[in-house]
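Work out the full structure, taking the sequences as your base and the hints as a guide.
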Amino acid sequence: MDAHIQVKNLNVYYGKQQALKDVNIEIPKNQITVIMGPSGCGKTTLLKTFNRFLELSDGTQLTGEVLVDGQNIYGREVDVTEVRKVVGLLAQRPSPLPMSIYDNVAYGMHIHKMKKDRKEYKDAVRHYLEIAGLWEEVHKRLHDPATSLSIGQQQRLCLARGLAVEPVIILGDEPTSALDPISSQNIESRLLDLKQQYTTVIVTHTLRQAKRLADYVIYMYLGEVIEAAPAHEVFTNPQHERTKQYLEGLF
Amino acid sequence: MGFLMKKHWQRRHLMEAFMKFIMRVSLVIVAGALGLILWIVIVRGLPALSWAMVTKIPEGGYYMGKGGGILNAILGSLYLASGGTLLAMIFSVPIAMYLKTYLGDSKWGHYVRLSLDVLWGIPSIVYGAFGFTLMIALGMRASLLAGIVILALIELPIMTRAMDEVIRRMPVDLEHAALALGSTKFEVALRVVTRQMLPGITTAILLGLGRGIGDAASVLFTAGYTDRIPTSLMRPTASLPLAVFFQLGSPYPEVQQRGYAAALILTIIVLVVSLGSRWLSARLNKYTIK
Chain A
4 MDAHIQVKNL NVYYGKQQAL KDVNIEIPKN QITVIMGPSG CGKTTLLKTF
54 NRFLELSDGT QLTGEVLVDG QNIYGREVDV TEVRKVVGLL AQRPSPLPMS
104 IYDNVAYGMH IHKMKKDRKE YKDAVRHYLE IAGLWEEVHK RLHDPATSLS
154 IGQQQRLCLA RGLAVEPVII LGDEPTSALD PISSQNIESR LLDLKQQYTT
204 VIVTHTLRQA KRLADYVIYM YLGEVIEAAP AHEVFTNPQH ERTKQYLEGL
254 F
Chain B
1396 MGFLMKKHWQ RRHLMEAFMK FIMRVSLVIV AGALGLILWI VIVRGLPALS
1446 WAMVTKIPEG GYYMGKGGGI LNAILGSLYL ASGGTLLAMI FSVPIAMYLK
1496 TYLGDSKWGH YVRLSLDVLW GIPSIVYGAF GFTLMIALGM RASLLAGIVI
1546 LALIELPIMT RAMDEVIRRM PVDLEHAALA LGSTKFEVAL RVVTRQMLPG
1596 ITTAILLGLG RGIGDAASVL FTAGYTDRIP TSLMRPTASL PLAVFFQLGS
1646 PYPEVQQRGY AAALILTIIV LVVSLGSRWL SARLNKYTIK
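In order, the protein sequences belong to chains A and B. For our numbering, count along the first sequence from 1 and bump the result up by 3. For our numbering, count along the second sequence from 1 and bump the result up by 1395.
Heads up, a few of these hints could be off.
To be verified - Keeping only pairs whose Cα atoms sit at most 30 Å apart, straight-line, the calculated BS3-like set for lysine-lysine is:
1) A:K247 to A:K11
2) A:K119 to B:K1502
3) B:K1685 to A:K143
4) A:K143 to A:K118
5) A:K198 to A:K19
6) A:K198 to A:K118
7) A:K116 to A:K32
8) A:K24 to A:K198
9) B:K1685 to B:K1580
10) A:K11 to A:K143
11) A:K19 to B:K1502
12) B:K1580 to A:K116
13) B:K1681 to A:K125
14) A:K11 to B:K1495
15) A:K19 to B:K1580
16) A:K143 to A:K122
17) A:K119 to B:K1580
18) A:K125 to B:K1685
19) B:K1415 to B:K1685
20) B:K1495 to A:K19
What the hints contain is simulated information worked out from the structure, not anything from laboratory work.
Written out as structure tokens, the structure reads:
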């Protein structure tokens, strides 16, 4: 397996409580990896270790390593803003920035000074809005506030905004749980389209979504990784009793 | 009779009708009071309002009905209020930030907010007396500077608490969204937080300015009154509320009428400031996340 993210001996504590217990996994490149498990099992915690979002909350402690392309993102010399540029995040609820639709997409490129002139920014904004499947709907009102969009459109805007800083990994923290079925489907098909170019890691609590998206599955329970294997293996022939029970809907 | 029709007046229907009535009466009282104030100020003040009123300082015998205007008070009030607002801003922004960042909802945060609320409620004459005592202790005389400092003290709690409320309503998700794109914390503060909070902060500042420009009692003690336009911070200065007060107290009818004209000018200034702030915050509000 061509591993893009490697997690080595990862332990996470919230205060005295241990949220992740000795996690050792590898996440394949340019595939969709789905992290599943019952609530409170540490799915989101694991995801947050990949873009160093865990350190935003007080009292969290982390030991072990997370390597992206062989580099430990928790290393001494690492610039956290670079980590977050390379590892994009699609949050549970879309939260557009307090600016226009255009500026939402241009924001990330601006802070990283990624383009030379206005025209390049304009072209890039259009490009990423097209990738997110939003261009047709918004090209006539690019300077309207982002909040004038529907929730589903806002989530696609957040996708465009995230892709605009040219990440190599996309994280999704239950990215469709706040959306209506059609918008969810829309986001899902975007993610499927994008997986050739991006390594995607999605946390979800809906089994059906996991089955639709996953190439690789990580099943977690009480802070431990119980099973991590290609999707067809996990779904057809789970190796562990717990995974089997979960897939059968016993809890 | 259809089954959806009201069968009889139940207690809860009566209650609703009664409450609606009370609210409408309150609205009429408030709107009526505002209307009446404007009406009196306009009817009595407009005839005396002239070009000389706003372009000249009082000439000899002005307070007995001779020529001149109240430019000294108009400029004095603008100096006092803008100086006070600026000074209050310099202190209230960091206090509000500190409240949010370090004190939060802790015990000390609670105490600081309580003290600010108490300060907000203290009558301005008390501030004036406090300023006066302080000035005597320091050997200072009534001056523009003292007036500005006291107005800043009056405006400070208003601005700080108004900003505090704005900052507290800042959505956490927004900061995270910007951080997730690889922003530094400074970029988040400068490009995202400021944009989100600017309308609220503008409103807070104008709230302070509105209070400052209309205050009479505090400047009476600290800034004094003079017929001249202040040329230095250490000189006393006139102000519009006091110009109204002194002229209305005069036995001469034409001077009294000029008092109403001065009140009209002050009302117009306040109106312009508040309409301007409405317009500004509506513009700034366009992109904020509600």
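Discussion item. Could you work out which of the previously given hints the structure breaks and list their numbers from low to high?
Written reply: Checked against the structure, the hints that fail are numbers 2, 5, 10 and 14, while the rest are satisfied.
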